[in-house]
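Engineer: Model the full structure from these sequences, guided by the hints.
Chains as they are written, first to last, in the numbering used here: chain A, 1 to 506; chain B, 1001 to 1383.
Hints were generated in silico from the structure; no laboratory data involved.
The C-beta atom is built at its ideal place from N, Cα and C for all residues, glycine as well.
Be a bit skeptical, because a hint or two may be false.
Unchecked claim - Cut-off 30 Å, straight-line C-alpha distance, at most; resulting in silico cross-link-like pairs (DSBU-like, lysine-lysine):
id: 1; chain 1: A; residue 1: K240; chain 2: B; residue 2: K1287
id: 2; chain 1: B; residue 1: K1056; chain 2: A; residue 2: K240
id: 3; chain 1: B; residue 1: K1339; chain 2: B; residue 2: K1311
id: 4; chain 1: B; residue 1: K1002; chain 2: B; residue 2: K1056
id: 5; chain 1: A; residue 1: K240; chain 2: A; residue 2: K4
id: 6; chain 1: B; residue 1: K1128; chain 2: B; residue 2: K1182
To be verified - In silico contact screen, one side only, chain A against chain B (beta carbon under 10 Å); selected entries:
id: 7; residue: R205
id: 8; residue: W209
id: 9; residue: T213
id: 10; residue: H214
id: 11; residue: V228
id: 12; residue: G252
id: 13; residue: A273
id: 14; residue: G275
id: 15; residue: P277
id: 16; residue: A278
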Amino acid sequence: MTEKTILIDLTTSYAFRHWKPMGILRVEHEVWRAFRMRFGARVCGVIYDASRDGFYRIPQEIFDELIFRNGCHPVAPARAESARTRLGSWARIGRFLWRAQRSRKRFRGTDETARSAREGAIAGELLRLSAEEYARMRRALVALERIHPALSARIQQLDALNHRAHYGLIRTVHEEICTDENRIDPRNVGDYVSAGGFWSDDRYRCAYWMRATHGWRLRYYVHDLIPVLWGHLAEPTTRKTYPPALHWMLWGVDQVWTNSETTRRDLLDHAQAHGYPALDPALVAPVLLGADAARGAGEDTTRAGIFAHRQLEPGRFVLMVGTQEPRKNYDFVYRLWRALNERHPGEVMPLVWVGQPGWSIGPLLEMVRNDTGLPHGAIRILSDVEDAELAELYRACRFTIYASHYEGWGLPVVEALSHGKPCLSSDAPALIEAGGGASEPIGLFEGERWLARCHALMTDEAAYAGALARAARFRARSWTAFRNDLTASFEASESEAGGLLTEDAA
Amino acid sequence: MKIAAFGHYPIHRPLHGGQRRVAAIAAQARAADHVFRYVPVYSTRGYPDGSPDERKTAVSEALLARMHDPQRREDLHLAQTLAGDPLVERLLDDLRRFAPDAVQFEHPWLYPLFAEALACDPALRGAKLIYSAHNVEADLIDPRWRAEALALERDLVTRADLVIAVSTEDARVFDGWRDYGKRPCIVAPNGCWPPDLSAAPAAPLEGAFALVVGSAHPPNATGYWESFGEIPGFLSPGSRLAIAGGMNDLITGDDRFQRYQRMNAEFVATLGAVDEEVLSALLHHAKVICLPITEGGGTNLKTAEALMWRKPVVAMRPALRGYEEAEAMSGVYVADDPKQFRTLLRDAMTGTLVSRRTVAETARYGWPAQLAPMITRYESVLT
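Structural biologist: Below, the structure written as C-alpha cells:
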C-alpha cells in the first residue's frame, strides 16, 4: 500500500519570504524540517492560492531559495528613457497604442493562455515607453475619457498592467508554482499540517472541505488565541480574520499542537465555552519551541562595532525585545523608566527596545521621543537589529524586561534566560510557563515592586548575583527536541487513526 | 356579555407577545359570542401601525414628548400623562354609551384613569372589574419604580372581581394580595395559533439554521448575549443562526456583535422585523428553535409557539416558566447554564438531538385551549 502524502503548508513562509524567519515563520520552517527529516519524500511543501482555491507543490528547484533564503523576489526590468523631443515621445505613444491594439487582436480570448500572452505583449510595449511618457499618454486618455466615459475601465486596466510591468510582476514565481502540474491531487493526500498564519486567507476552508470530501486528517500548530481572548490588543486585520478561521478549524481538525500549556488550556476552554465540538484533550498537545539558535557567540570586533555604533556600554543597559505594538506593553515600561529616572537620577541604565514597529505604536514612540522629563537616551528604540546583533545585545545586557499583557509563549523570556540573563516579566501565564521558574514574574499592578526590582538589579550587586543564579537554573530546549516531539506526537496519533480505520474496514 | 377592554398598544397587527395575547383574547371572546371591544390608548411613536379605528384613541401628538420623557415610564406614568386630557373624557363617554357588563384591563397602567368613574359613575359602577395580567409587573419593573408600580397593581388586583394570571406562580402572588374569601385568580397561560404543518413555504434562507425570534424588549437582548455568547461556536460551517424580530437591532448595534462582524456576517442572519408569512416560513424551515430567555416574568408565548412546531427546541430554563411539563416532551432540551445551552444547540444542529413530538401532544398550547379557563369564566363574574 502506498503511503499517502503529508502536506506541509508553507504559505506563510512563502508570503513573507522577504522577512527574517522569526516567530511563526521560524516555527513553520522547523515543522517542515521535522517532517522532511522523519518522513522524507512522503512530505510535500505546498502553498495555498486563493484565486485558484487549491494547494500547489513548491517545485524542488526553487524550494530552498524561496523558503529559506529570502529569494525569488521580482526583479524590476529596465525601462526606456524618454525620447529626446516631445514629438519623439508622442511618436512612441502612437506606436504603443497601435501595437497594443494589434496585440489585443492577436491574442484574443478569455482563457489563461491568451490572457497571459496578451498581457506579456502589451507589458513589453509599455516598457518601451518611459514613465514620463506613460504619464503623458495617461493624461491624454483621461482628457478623452470626458467624451468617452467607457475609457475609464481601460485606463484602470492599463494602470494596473503598467504597475506590474514596471515592478517585474507580469510573470512571477507564483505563476511558476501555481501550474496544473503542481496542483495537489486531493486523493493522494493523507495529512495536512499547518503551522503558519492559517487565518490570513481561505486555506482553512479549503482544508476543511478536503477533510470532508477526501478524508484529509488536519493538524494545526496553534500559537495563541490572542485575537479572540485579547482582541483589543490584536492587530486589527487579524482581529477580524482569526475568529472565523479558528471557528472552521475547530469544526474540522484531527490533531492540534500548541506552543505552550497555556495556549492548550486557552484552546480547550474556548472550545468548551462557545459550544464547539468537544476536543479530545489527548489530541491537543503542547510541543514547546526550541531556542538554541539564538546562543551562538559573535566575533569580538563585531561586538565592539555594535556597541560603538549604538553608543551602548556592555553590561550597562537593560533590554526589552518584541514587536512594537500595544500588547507588548511598551507603555508600561516607558512609565516605569520615567519613574525610575525621577526617583534615582543618574543611577538608571538606558533601556533598549528592540523590535519592528507594529500597529498603533506611533503615538507612544512620539511621546517617548518628545518627553522632556526623560533624560536624553534613557530609552533607545532600535528597529533595525539583525539576528547576530540581537544575540550580542542579549549577551551584553544587564538584565531584560518583558511586560507583555498576554502571550501564547514567551520567546524573549526564553532567549534572555538562554543567555543567562535575569528576566523580569509580567505574570501572563505563558510567560511564567516559558520562564520555567527561572524568570521573575511581577504583576502589572505591582508598580512599586517593578521599580524596586529594576533599581536593585542595576545598583545592588548581591541582588544581581542572586538574579543571575536564578537565571542560570534555566534549561533551554533545542529545536531538535521540538522536531522529535512533534513527529513523535504525529506518529502516535497516526497509529491510533490507523487502528480506527482497520476497525472500520473490518 | 359586553366587555370593554383597555390596553396600551394596538392589536391590529400583533407583533410582540402582549399584542398577540390580547388579540387572541379578543378573538376567543368574540368566538364565544361575547361583545368584546378593545380600546388601545397608545403612543403612535412606539406603534405607528395602528388601524384607523385604533388611531382614534391614540395619545395626541402634543402629549408624546411628555409620554416619552426618559425620566418617566411610558406605561407606569401613562395615566398621569393623560390626566386632564380631552381624550379621557371622550373615552369615558364612549364607555358610558357602550354600557359594558365588565371592564377589563390588560396591564394595570390605564386603570387609574377609570377607577373613580367605575366606582361612582351611575352608568358604570355596575360594571364588573376584570384584571387580565400579563406579568407581575412590580417584579419586573426597574427597582426605582417598584413601589409605585406595586401600589397601582395591588390596588387593581384587590378591587377586581376577576383576576386572570398567565401562570400559577403569578396567580399565587395575586391571591396573596387579595382579601380572604375573594374569588381566586384564574390561570390562562400564553399560547399560540396552531401552525399549518402541512404548508410548504419556500425557504427564506439557504442552508440549515437555528431560529431565534424576539421583539425589541431589552431582556430579549440580555437573554441572547447570555445564552449564545459572542462567538457562535455551536454552528458548523454552512449553518446559521437567524434572528427575527425587533431584537435584531439591539443585537446588531451592540459592540459585542460588531467585535466579530466578519464572523457574524457568515454565521448570523439578521432578518429584523418580518411579516407573519415569512415568520411562518422561518419556523417551518428552522432546524432548531431557540429560546434564549434568561429573565422576565409571566410566561412566554414564544415558548408555546416553539412547542407547537414539532422540531427540536433548545431553551434556557426560564423560558419554560409556566410550561414546566413540556420538559418531558420529546425534542425539548432545557439548559441550566449558557455552556449547556450552546452544547445542546450544537447537538441539535448536527442532528444528534431530535424531536418526535406529536400534534396531539402540543394541541394544549393552542390559544383556544390555553384561554378556555378565562373565556368560560366571563359569565361567572356577573353572578
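Engineer: Give a verdict on every hint.
Structural biologist: The hints, checked one at a time:
1. Restraint check for K240 of chain A and K1287 of chain B: satisfied, since their Cα atoms lie roughly 28 Å apart, inside the 30 Å limit.
2. A hinted pair counts as satisfied when its Cα atoms are at most 30 Å apart, and K1056 of chain B with K240 of chain A does not qualify at roughly 51 Å.
3. Restraint check for K1339 of chain B and K1311 of chain B: the C-alpha separation of about 21 Å stays at or below 30 Å, so the hint holds.
4. Restraint check for K1002 of chain B and K1056 of chain B: the C-alpha separation of about 21 Å stays at or below 30 Å, so the hint holds.
5. Proximity of K240 of chain A to K4 of chain A is assessed by CA-CA distance (about 35 Å); at most 30 Å being required, the pair is judged violated.
6. A distance of roughly 14 Å separates the Cα atoms of K1128 of chain B and K1182 of chain B; the hinted pair therefore holds under the 30 Å criterion.
7. With a cut of 10 Å, the hint placing R205 of chain A at the interface with chain B holds, because the nearest CB-to-CB distance is about 8 Å.
8. Taking 10 Å as the C-beta contact cut-off toward chain B, the hint placing W209 of chain A at the interface holds, the least distance being around 9 Å.
9. Proximity of T213 of chain A to chain B is violated relative to the hint, the smallest CB-CB distance being about 13 Å (cut-off 10 Å).
10. Interface restraint check: H214 of chain A against chain B, minimum CB-CB distance 16 Å, threshold 10 Å, status violated.
11. About 7 Å separates the beta-carbon of V228 of chain A from the nearest beta-carbon of chain B, less than 10 Å, and the hint is met.
12. A cut of 10 Å between beta carbons decides the hint on G252 of chain A: the least distance to chain B is about 8 Å, and the hint holds.
13. Because the smallest distance between the Cβ of A273 of chain A and any Cβ of chain B comes to about 6 Å, under 10 Å, the interface hint for this residue holds.
14. For the restraint placing G275 of chain A at the interface with chain B, the shortest Cβ-Cβ distance is roughly 3 Å, inside the 10 Å limit, so the hint holds.
15. With 10 Å as the threshold, the beta carbon of P277 of chain A comes within range of chain B, its nearest partner Cβ sitting at about 7 Å, so the hint holds.
16. With a least beta-carbon distance of about 8 Å to chain B, the hint placing A278 of chain A at the interface is held under the 10 Å criterion.
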